[in-house]
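There are 2 protein chains.
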Amino acid sequence: MKKLIKDKTQFLSDMLDGLTISNKQIEVISDTVVVRKNKKEKGVAIVSGGGSGHEPAHAGYVAEGMLDAAVCGEVFTSPTPDKILSAIKAVDNGDGVLLVVKNYAGDVMNFEMAQEMAEMEDIQVETVVVKDDVAVSDETQRRGVAGTVFVHKVAGYLADKGESLATIKEKLEQLLPTIKSIGMALTPPLVPTTGQYGFDIDDESMEIGIGIHGEKGLARKKIESVDLIVERLIAELLKEVKAKQLIVMVNGMGATPLSELNIVTKYVSQQLDDKQKDVKLWLVGDYMTSLDMEGVSLTFVPYSEAVYEALTTSTSSPYFNI
Amino acid sequence: MKKLIKDKTQFLSDMLDGLTISNKQIEVISDTVVVRKNKKEKGVAIVSGGGSGHEPAHAGYVAEGMLDAAVCGEVFTSPTPDKILSAIKAVDNGDGVLLVVKNYAGDVMNFEMAQEMAEMEDIQVETVVVKDDVAVSDETQRRGVAGTVFVHKVAGYLADKGESLATIKEKLEQLLPTIKSIGMALTPPLVPTTGQYGFDIDDESMEIGIGIHGEKGLARKKIESVDLIVERLIAELLKEVKAKQLIVMVNGMGATPLSELNIVTKYVSQQLDDKQKDVKLWLVGDYMTSLDMEGVSLTFVPYSEAVYEALTTSTSSPYFNI
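Chains A and B are the protein sequences, given in the same order. Quick note on numbering: the first sequence equals residues 1054 to 1375 in the working numbering. Quick note on numbering: the second sequence equals residues 1054 to 1375 in the working numbering.
Fair warning: there could be bad hints in the mix.
[Stated by the list, open to error] Derived Cβ-Cβ restraints for the label pairs, each shown as a range:
(1) B:1357 - A:1166: 50 to 58 Å
(2) B:1095 - A:1219: 34 to 42 Å
(3) A:1278 - B:1357: 25 to 33 Å
[Stated by the list, open to error] Keeping only pairs whose Cα atoms sit at most 25 Å apart, straight-line, the calculated PhoX-like set for lysine-lysine is:
(4) A:1333 - B:1092
(5) B:1055 - A:1275
(6) B:1090 - A:1269
(7) B:1077 - A:1333
(8) B:1077 - A:1297
(9) B:1333 - A:1090
(10) B:1090 - A:1077
(11) B:1274 - A:1059
(12) A:1055 - B:1274
(13) A:1328 - B:1059
(14) B:1092 - A:1059
(15) B:1224 - B:1142
(16) A:1275 - B:1059
(17) B:1224 - A:1274
(18) A:1333 - B:1269
(19) B:1330 - A:1059
(20) A:1077 - B:1328
(21) B:1142 - A:1061
(22) B:1061 - A:1275
(23) A:1077 - B:1059
(24) A:1077 - B:1297
(25) B:1330 - A:1055
[Stated by the list, open to error] Computed list of chain A residues with no C-beta within reach of chain B, every gap over 10 Å:
(26) 1056
(27) 1082
(28) 1156
(29) 1193
(30) 1276
(31) 1295
(32) 1297
(33) 1362
I should point out that these hints are in silico values taken from the structure, not numbers from a laboratory. Each residue gets a CB set at the ideal place from its N, CA and C atoms; glycine is no exception.
Taking the hints into account, I'd like the entire structure generated from these sequences.
Next up, the structure:
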């Protein structure tokens, strides 16, 4: 298998060992829960997580101003309720815990169970569920993808401002329906735990509307020039995003070189200009990946002063660069 | 071609357009020269560059505390002397200009010609040449690879401290022979300007000691477990690095996911521990890439307080994260 790994059963533990060697602000507890070494003494604690394979999400966002804990499941596999409960108990300081969950059946179920278990131990817990992927038409079934990183950042900012658990949940519930993403892939992810590719695709084709686990998208097409690909993605997003001022994330899927993300950025900018949209902030890089999938996703959020401030306030995460 | 590009003739210009859209602190002059919008009013100006395809190097390091300009050649092609001269003239403020050049014949020749042309215009110019790749045994022929990024950072730091051109050159000449790198690849880069892969390799093999343009290395081997790969790389580096305290860069080659760079980090750390080496600082990420090549390089620098301070002082580059 063309991977820098030792053994498929050690992928997650080796990755977390390596991450905490280079990033001195975090540590691993309960085998797969990443927390800040300096636990926050007050304020709502923000917990997220899910299957691994999306690095730097989620563990890389455990940092001042973002997450207090990330619960890391095996590759593309939801973490179990007991691990989520460990995370909640480790970070709660009496001001309550907010769970940021991507909308996948396993994640939603396991985070919900953990919430119930924590509440039985008198910890205040609330949950928000991210469903930003417009490639799925049924809004209740929409997957949580790269827009989740915006939720991590805004949640961490609001917690640091001293907002209450109820207020943070309320503000995020207003923000969530405005975050819209869509992705595409040129190549599938090679899943280290199985040695299998996430999907089959020939050398001439691409998948539009793909999920971050290689889930089927809107359409399989012959590969096109990047400007035409961008046109397809923007068309889907602008069916739902009506704001004139936007914040835009150009997210690499794991194996896409920065040069190509920059080229995508040029055409997104050009086409949004043509549609009289004004981009107030760009985020370009690998934020929510799918192992070594080649491809890109776009996330649009309507600009507001409040969201801009929340996103541009500094964090100690080495992976949230603006 | 499985690439997010429009036209191969536009790869460089599209990339620079996109880069300067998302990164508001830089701009393009003379078509392919990236400079800081806020030109430094005093102090030595640091200029680097070379062929493109190594992003974020070099343009991404044009930032406070690092480079004042990056001269961007076409993919894997040296920039021409006239462009280098444009960069020198754009950034010189009377305190002189230092050129940081990777040891490739075309780069060395063209930067040298530009230096001579600038000197004829009474601009003080000095050059340092980076030759950190231990995969080449003849030291005079060694390629400049990921260690170049350390030179950018230290040079920018010394310039900001107000050191003279002569002093910066002298300090870098002391540092340069201590920086040692070696790389490996699982897959070749797909070169957008030709549509060809940089080299041929089968599904079971890897190349040890590869250069950042896919140049042949020390040995073609069957793919091994990451701990054995790391052992090979470290063995080559420790032939030359005798210090007990080190600074280590684990550099992705462009298509290597962060999860795998973290796994590499674990085994580098473990094996250096076994050899009683103490790593004082880790840099893990994509610093000097080879388009979409999958692979990793390691760079070792002996730790000193001075180098540590130079590397950890903040820069405004979004791509130099420590």
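We went through each hint and held it up to the structure:
For the pair residue 1357 of chain B and residue 1166 of chain A, the supplied restraint of 50 to 58 Å holds, since their beta-carbon distance comes to about 52 Å. Under the hint 34 to 42 Å, the C-beta atoms of residue 1095 of chain B and residue 1219 of chain A, about 53 Å apart, miss the expected range. With their beta carbons about 50 Å apart, residue 1278 of chain A and residue 1357 of chain B fall outside the hinted range of 25 to 33 Å. Of the pairs offered as hints, the one joining residue 1333 of chain A and residue 1092 of chain B holds, with about 24 Å between alpha carbons and a cut-off of 25 Å not exceeded.
Our distance criterion of 25 Å between C-alpha atoms is met by residue 1055 of chain B and residue 1275 of chain A, whose separation comes to about 11 Å. For a cut-off of 25 Å, the pair hint linking residue 1090 of chain B to residue 1269 of chain A is broken: about 43 Å separates their Cα positions. About 11 Å separates the Cα atoms of residue 1077 of chain B and residue 1333 of chain A, which keeps this hinted pair within 25 Å; it holds. The straight-line distance between the Cα atoms of residue 1077 of chain B and residue 1297 of chain A is roughly 20 Å, inside the 25 Å bound, and the hint therefore holds.
Restraint check: the Cα-Cα separation between residue 1333 of chain B and residue 1090 of chain A comes to about 18 Å, which is no more than 25 Å; the hinted pair holds. Of the pairs offered as hints, the one joining residue 1090 of chain B and residue 1077 of chain A is violated, with about 34 Å between alpha carbons and a cut-off of 25 Å exceeded. The straight-line distance between the Cα atoms of residue 1274 of chain B and residue 1059 of chain A is roughly 16 Å, inside the 25 Å bound, and the hint therefore holds. Simply put, residue 1055 of chain A and residue 1274 of chain B have alpha-carbon atoms about 13 Å apart, close enough for the 25 Å limit, and the pair holds.
Of the pairs offered as hints, the one joining residue 1328 of chain A and residue 1059 of chain B holds, with about 20 Å between alpha carbons and a cut-off of 25 Å not exceeded. For the proposed pair residue 1092 of chain B and residue 1059 of chain A, the alpha carbon gap of about 48 Å is over 25 Å, so the pair is violated. Using a Cα cut-off of 25 Å, the hinted pair residue 1224 of chain B and residue 1142 of chain B holds, with the two alpha carbons roughly 24 Å apart. Taking the CA atoms of residue 1275 of chain A and residue 1059 of chain B, the gap is about 15 Å. The hint holds against a cut of 25 Å.
Pair hint residue 1224 of chain B plus residue 1274 of chain A does not hold up; C-alpha atoms about 55 Å apart against a cutoff of 25 Å. For the proposed pair residue 1333 of chain A and residue 1269 of chain B, the alpha carbon gap of about 45 Å is over 25 Å, so the pair is violated. For the hint linking residue 1330 of chain B to residue 1059 of chain A, the alpha-carbon distance of about 22 Å falls within 25 Å, and the restraint holds. Between residue 1077 of chain A and residue 1328 of chain B the CA atoms are separated by roughly 22 Å; this keeps the pair inside 25 Å, and the hint holds.
Proximity of residue 1142 of chain B to residue 1061 of chain A is assessed by CA-CA distance (about 54 Å); at most 25 Å being required, the pair is judged violated. Straight-line distance between C-alpha atoms of residue 1061 of chain B and residue 1275 of chain A comes to about 18 Å, which keeps the hinted pair within the 25 Å bound. Restraint check for residue 1077 of chain A and residue 1059 of chain B: not satisfied, since their Cα atoms lie roughly 41 Å apart, outside the 25 Å limit. A hinted pair counts as satisfied when its Cα atoms are at most 25 Å apart, and residue 1077 of chain A with residue 1297 of chain B qualifies at roughly 20 Å.
Between residue 1330 of chain B and residue 1055 of chain A, the direct Cα distance comes to roughly 29 Å. Violation of the 25 Å bound is thereby established for this hinted pair. With a least beta-carbon separation of about 6 Å from chain B, residue 1056 of chain A fails to lie farther than 10 Å from that chain, contradicting its non-interface assignment. Against chain B, the non-interface label of residue 1082 of chain A holds: every CB pair exceeds 10 Å, the least being about 18 Å. The Cβ of residue 1156 of chain A lies farther than 10 Å from every Cβ of chain B, with a closest approach of about 23 Å, so its non-interface assignment holds.
The claim that residue 1193 of chain A lies off the interface holds: its Cβ sits roughly 31 Å from the closest Cβ of chain B, which is beyond the 10 Å cut-off. Its closest Cβ contact with chain B, about 7 Å, brings residue 1276 of chain A to no more than 10 Å, contrary to its assignment away from the interface. Listed as outside the interface, residue 1295 of chain A is consistent with that label: its C-beta sits roughly 23 Å from the nearest C-beta of chain B, beyond the 10 Å cut-off. At roughly 18 Å from the closest C-beta of chain B, the C-beta of residue 1297 of chain A stays outside 10 Å, upholding its exclusion from the interface.
Distance check for residue 1362 of chain A against chain B: the nearest CB is about 17 Å away, which clears 10 Å, and the non-interface claim stands.
Consistency note: the structure conflicts with the earlier hints numbered 2, 3, 6, 10, 14, 17, 18, 21, 23, 25, 26 and 30.
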